[in-house]
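Engineer: Sequences are here, hints too, so could you generate the full structure?
Residue numbers (the working numbering), protein chains in the order written: chain A, 34 to 346; chain B, -19 to 166; chain C, 15 to 470.
Worth flagging that the hints you see were computed from the coordinates, not collected in a lab. There could be a bad hint or two in this list.
Said to hold, decoys possible - On the chain C side, residues computed to face chain A include the following (Cβ under 10 Å): (1) Ala24; (2) Ala58; (3) Thr60; (4) Pro91; (5) Gly101; (6) Glu102; (7) Ala105; (8) Pro214; (9) Val232; (10) Ala311; (11) Ala316; (12) Ala319; (13) Leu323; (14) Trp355.
What the hints assert, rightly or not - Quick look at which bits of chain B chain A covers, simulated, 3 or more residues with Cβ under 8 Å: (15) 3 to 13; (16) 21 to 35; (17) 41 to 49; (18) 156 to 166.
Idealized CB from N, CA, C, for every residue including glycine.
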Amino acid sequence: MVTSAPLWSVLVVPALLAGFATVAVAADGLLAARAAHRRVSPAVLAAPLAEVPRLLAAQRRVTPAADTLLWRLGLAAVPVAGVLAAVVIPFGQLTASRMSVGVVWFNAMEVLTWAGLWMAGWGPNAVLPLIGGYRFVAQGLAYELPLMFALISAAAGAQSLDVADIAGAQGHLWFAVWMPAAFAVYLAGVHAFSFLGPFGYPAGRDLAGGVAAEVSGPDRLMLEAGRWLLLTAGAGMAVPLFLGGGAGPLMPAWAWSAVKTLAVVLALVWGRRRLPVIRADRYAELAWVVLIPVAIAQALAVALVVLTTGGTP
Amino acid sequence: MTTAVFWVLAPLAAASGFMVFRFGSMARATIALLVSFLASGGLLIVLGLAYLGTVVILMMVMEMVIMAVFMIAYMMNPAGLMPMAMFHNKRASLAISLTVFALLAAGIFVTRWPRRAGTAPRDPTFRLGEALMGPQMLTMVTLGVTLLATMVGAVVLATHRGRYDRFGDDLKRRPPTDPARGGVGR
Amino acid sequence: MGLTRLLVRAGAARPHVLVAAVPGGTAVRLAAEEQLRRRGWPAALTPADADVLLVAGVPAPGIAGAVEAAWAAVPAPRARAQVTSAGEVSAALDAARAELAAGAPQHLPAMSGGHDAHEVIRGGHGGGMGGMDMGMPAAHGSGAVGDGDTGHGVHEMAGGHDAMSGGHEGHGTGDTSGHDMAGMDMGHMDMDMGTPAGLPMARRGEDRDGLTLDRLHVPLGPLLPDWPAGLVIRLTMQGDVIQHAEAETAGVAADTGSFWTEPWRHAAAGEPVTTGAAVRRRSAAHLDSLARFLSVAGWDSAAAAARALRDDALGSGPSPRLGPAVRRLARRVGRSRVLAWSTHGMGTLLPGEAAATGMSAAALSAGGDVTARYRRWCRELSDVAAVFDDASPLDPAVLAPPRGRPDGTRAPSAVLLAALPRLLEGAEFAAARLIVASLDPDLDEVSPAAGAGHGH
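Structural biologist: Printed below as a string of C-alpha cells:
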C-alpha cells in the first residue's frame, strides 16, 4: 500500500533523482569510451562528473541584446520540470506526493520543457539557439500526442489516474507485456522530452549544440543536468506505469523499485547511441500518421480488455 | 495553508495578466500570459479540482508556446525594440475595464453563495464532470473528435498548394513535390 | 577564492577542447582529434563549451580574424594553443591543461583593439556573440550592450534580423580583408534610433509559402565543427529555410596541396609510393568525410568508430584487423535504414546537371542525393579494404584520389564548391548541413585564385 511520505521527503526526491542521473551519466561515459575504442577503467566512469566543477567554475556569458530574463528562466525550467515530474513517482512504498491525478501531473510537468527550451532558444538572441528552440517545439508537436495516449492506456488499464493505483493493478501481469505499443511509445517519448539520443535534434551537433550553443557556466550545468534529470524521471515513471512498481519476491519494495529504475535508465542510455538523430521534419509525419493511430488503437484494446474482464487479465 | 497559497497565486495571476499589456516584447507578453494561466491552474487545484487544474496547466503550456511562435512570426516588432504603443484609446478602455471589474467584484461579494450541504465528495472532479456532462457523454466525445477534424480540415483548405500542385495534373506523380519531404512519403 | 581554485583544478581534469581547423592544417587537426579521443577529452562544439582553443595549423590572414573572434568568445578559465605540426599536439594539450589547472581565473577576455572596459565589469563576452565564425549574426562591438539593454534588444523574429544589410566593417586586428570576422559588425555605424543596440532592423521578404517574413544573413563557417576548414557560406535565411547561399573561402593559402592527395602528388613527382599507402590515405579520407557526415547526422557512436578507424588507417605498420573492421563499419552505415530514411531526397544532384557544371567523370559519381553519396563512400571503403598492405607501386590510372581526379586545371573540390550554393537553396538548415557534409569539399585542393570569388 503506497503512502504519502511526510513533507520533507520533497527534498529527498531531487537527491534520489540526481543519484540515478549520475549513474546514467557514468554509463553514458562508459559507452562513449567503448565507441571511441578507448580502454575502460573506473576512471572512465567518473570522468563525465568532472563536468560539474568545470561548469561551476566557468564564467557566465552574456550575448548582446539578449532577453536575459527569459533565457535564465528557460534554462532553469528544464531541471525544475524534471524534479517536479518526479514527485509523484512511488519509490517502494513511499511517494513524495500521492496525487489522485499523478499521471496528468507528470505529463504537465514534462510539458514545461516546451516553454523552457523555447525560451532558452529565444533568450540569447543568436541564430543557432533560436533554431534549436524552434526545433524542440516541432519535435514536441510530434512526440506529445502519442505519449499522452500511451499514458492514457496505462491509466485505462488500471482505471485510475493515481500512479500508485496503476502500480498496484499490475499484480498479475505487467502492463509492459500486454500494452507493448504503449510502452515503446512511452520510452521514445522519454528520449524526446529529455532531447537525448535519437531525439537530440534541438541540441544537435549540426547546430553546434543548438540551445546549448551560447550557454556556459552554471547555466550550462543546469541545462545538461536538466536533460539527465528528465531522462531519469521518465525512467522512474516507467516503473510504476508499465513494470509493476515495487512488486517482486524476496527483496523489499524500495529495492525492486531501484533495480527496475536502474534497468530502464541503463536501457535508455544504451538505446541513445543506437540510432542517428531523427529530424522533426521527417518524424512529425510519422508520429501523426502512424504513431497516433497505433497509440489510439492500443488504448482501445486496453479499454476493451478492461470492459470485458472487469479488471486486468 | 490553502489561504496562503491562494493569496500567493491570485495576485500573481492578476499581475502577470496585467503585465501582458505592459511588456513591449511579444515573447515576454506570451510568457506573462502563461504564468497567469499557470497561477489559475494552481487556484483550481487549491479549490479541490485537481484534474481540472492539472489539465489547465498541461494545456496552457502547450498552447502558449504555440501562440508565441505565431505571435513572433506575424507581429511586427516582436521584441519591442522599437517604441510602439501597445494600448489604444487609453482613457475609454481604462474606464470601461475598471467599471466592469468593479461590477464583477461587487457581484461576487454581494451574491449569496450557497452553503455546502453535507460533506465534500471524494472526487469532486468526477462529480463535477458527471453533473455537467453525464447524460451527454457520447455527444461530448463525438464533438471532440469533430472539432479536431474541423481544425485539421480548415488548415488543409487554407493552404494554397493543393493536390494538383503536389501530384501533378494527372494526380499520378509519386513522390509528391513538396518543399520538404515528410517522413512517411505520402 | 579557494573554492574557485579547487573547482578549476577539478574541472581541468577533463577540459573541453575546441579544435579550430584552418586550411592547410589537416594533419594537425587529425592528430588533435586522435589525441582527444585517446585522452577522453570531449571536443567542444562552440566556444561557449570550450576551455582550450587549439588552433590547428597556421592561420592565414584571411582566417586569423575568425580565430580571434572564437578566442574572444571562450569563457574563463581558458587556455590557447597554436600548433603547427602534428607531433606537437600532445605537448600543447598537456601545456594547456597545466595552464588551466594552475591559472588564476581570468575575467578579462584578451581583446585586441578598440573595446571598452564594459566587458571587464560585465565579465562577459561583449566582443562577439561567441563564434561569429560559428554562424551567429553580428553583434555590436562594445560589451555594454549586454548590460540590461534588454528593453531595446534586437530580437530575431521567426525570420531573424538582418544584421548584415548594408555591409559591415572588418575587425581591426591589423588586416582589412572583408572576410575577417566573417561578418562581424564592429563599427559604430548605426547609432540612430532606427537601429537599436547598433544593429539594423530586419528587412522582410516573401518566403516559400507566400508569407512575408524577416530575412537573416548568417555566415556559416569557417571554424564550425565538422565543417570543411576555411569554407564560408553566406546564407540568407528565413526561419531556418535558406533562400540564398554564396560560397567563399577564407584563409586558403598558396598551393601547399592537400593532405589527402599527398601520395598522388609524390607519385607524380616520381617518388616511389606503394598502392597500400595510397589506399590507406584514400580510405582515411573517406573515413574522415564519413565521420564528419555521421557527426552532423547525429550518429555519434558510428562517427567515433569511423574516427578510430581513420586514425588506425593513417598509422603505419601492417594491421590485419583494419580491413575487416572497415568493412564492418561500412556495412553498418550503408545498411542503416534510419539514416537513409532521414537523408534521402535531399540535395539531389542529377547527372545531367552535374555534367553541365563541368564535373569530371569521377566527381560525377557525387550525383544523386545525400544518401547515394554517403553510400558511395561506404562502397569505396569496402571495395579496397583488402589491399591496405599492398606493396606494389601506385598506379594513378587505377586508383583515383579520394575526391576524384582534377578536371583540367580545376580541382574536384572546386567543382563541388561550385555546385553547392544551388543545392542549398530552399533547404532547411539541417538539410543544408547534411548536404555540405555529404559533398565535403577539401579547400586545400582549391587554389586561392579559383576559390576566392563567389561560388554562385
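Engineer: Kindly indicate which numbered hints from before are broken by the structure, ordering the numbers from low to high.
Structural biologist: 5, 6, 7 and 8
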